[in-house]
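Turn these sequences into a full structure, and let the hints steer you where they fit.
According to UniProt numbering, the stretch in the sequence shown is residues 1 to 214, in order.
I should point out that these hints are in silico values taken from the structure, not numbers from a laboratory. Here a beta-carbon is modelled for each residue, glycine too, at the ideal position from N, C-alpha and C. Some hints here could point you the wrong way.
As the list claims (entries may be wrong) - Computed beta-carbon distance windows for the label pairs:
| id | residue 1 | residue 2 | range |
| --- | --- | --- | --- |
| 1 | ASN50 | SER214 | 42 to 52 Å |
| 2 | ASN152 | ASP49 | 40 to 50 Å |
| 3 | ASP204 | HIS76 | 50 to 60 Å |
| 4 | PRO171 | LEU205 | 17 to 27 Å |
| 5 | LEU126 | ASP176 | 33 to 43 Å |
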Amino acid sequence: MIYIIGRVYIDCGRIRREALLKGLGSSFPSRPIMFWVAKCAIKVELVNDNYTELRGEIAGPPDTPYEGGTFVLEIHVPETYPFNPPKVRFITKIWHPNISSVTGAICLDILKDQWAAAMTLRTVLLSLQALLAAAEPDDPQDAVVARQFKENPEMFKLTAQHWAQVYAGGPKHFPDFDAKIKRLLDMGVDEHRARVALSSYSWDLEKATEAIFS
1 MIYIIGRVYI DCGRIRREAL LKGLGSSFPS RPIMFWVAKC AIKVELVNDN YTELRGEIAG
61 PPDTPYEGGT FVLEIHVPET YPFNPPKVRF ITKIWHPNIS SVTGAICLDI LKDQWAAAMT
121 LRTVLLSLQA LLAAAEPDDP QDAVVARQFK ENPEMFKLTA QHWAQVYAGG PKHFPDFDAK
181 IKRLLDMGVD EHRARVALSS YSWDLEKATE AIFS
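Right, here's the structure in full:
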């Protein structure tokens with residue numbers, strides 16, 4: 001089936017076939033979940049009836065700072081799909097060199113010039129999950145995070161775990177970090193702004209405070 005939206009033609013048959021491959025899904029359009037791969041903990045759901053807006057979920061990979069978290073993605077399928085990649089960004093806030101901590105924009109080659117028409121939405125989600133396990137700090141989307149990743153890897157790990165706990169339901173709690181955030185909250189600073197400033201300055205409260213109020 002091809003949906004016509006204004007002058008935009010969306011090949012829904014291609015998207016349906018992706019979901020039906022290898023038993024990933026079977027009920028359309030009565031079921032909102034397009035596919036769910038239990039062993040990888042990835043999922044895609046329909047947001048609207050014309051298959052242009054989708055919602056993805058990936059689980060944080062084991063043995064990474066993101067383990068135990070669930071990360072939500074916004075997926076826009078362009079009119080030229082599958083000849084051009086979907087547009088994807090993280091809705092769940094995350095601390096990662098290749099993902100913007102502000103906008104959720106992603107730096108990943110298959111979402112740009114390395115896309116091939118044979119690739120699928122499943123390919124995209126699995127690639128993003130792999131990116132969480134193997135960051136590329138020399139090709140960053142977020143330069144501040146990348147610098148911390150390279151210069152202070154242990155602090156990066158703790159900070160990424162903290163963000164995963166706060167925004168993605170991860171298991172690690174950091175009372176010291178929470179206490180510093182509260183100090184800035186008591187000064188009237190927005191919670192997320194406080195978290196970004198402290199994370200950017202490796203949880204140095206004095207430097208973060210100076211950056212916010214300078």
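Assessment of proposed distance window 17 to 27 Å (beta carbons of PRO171, LEU205): 25 Å, holds
Would you say the C-beta atoms of ASN50 and SER214 sit inside 42 to 52 Å of each other? 48 Å, holds
With 50 to 60 Å as the target window, see if ASP204 and HIS76 comply at their CB atoms. Cβ of ASP204 to Cβ of HIS76: about 38 Å, so the range 50 to 60 Å is violated.
Given the hint of 40 to 50 Å, is the C-beta distance from ASN152 to ASP49 inside that range or not? 47 Å, holds
Cβ distance range 33 to 43 Å for LEU126 and ASP176, holds or violated: 35 Å, holds
Hint 3 from the list above is the single one not met by this structure.
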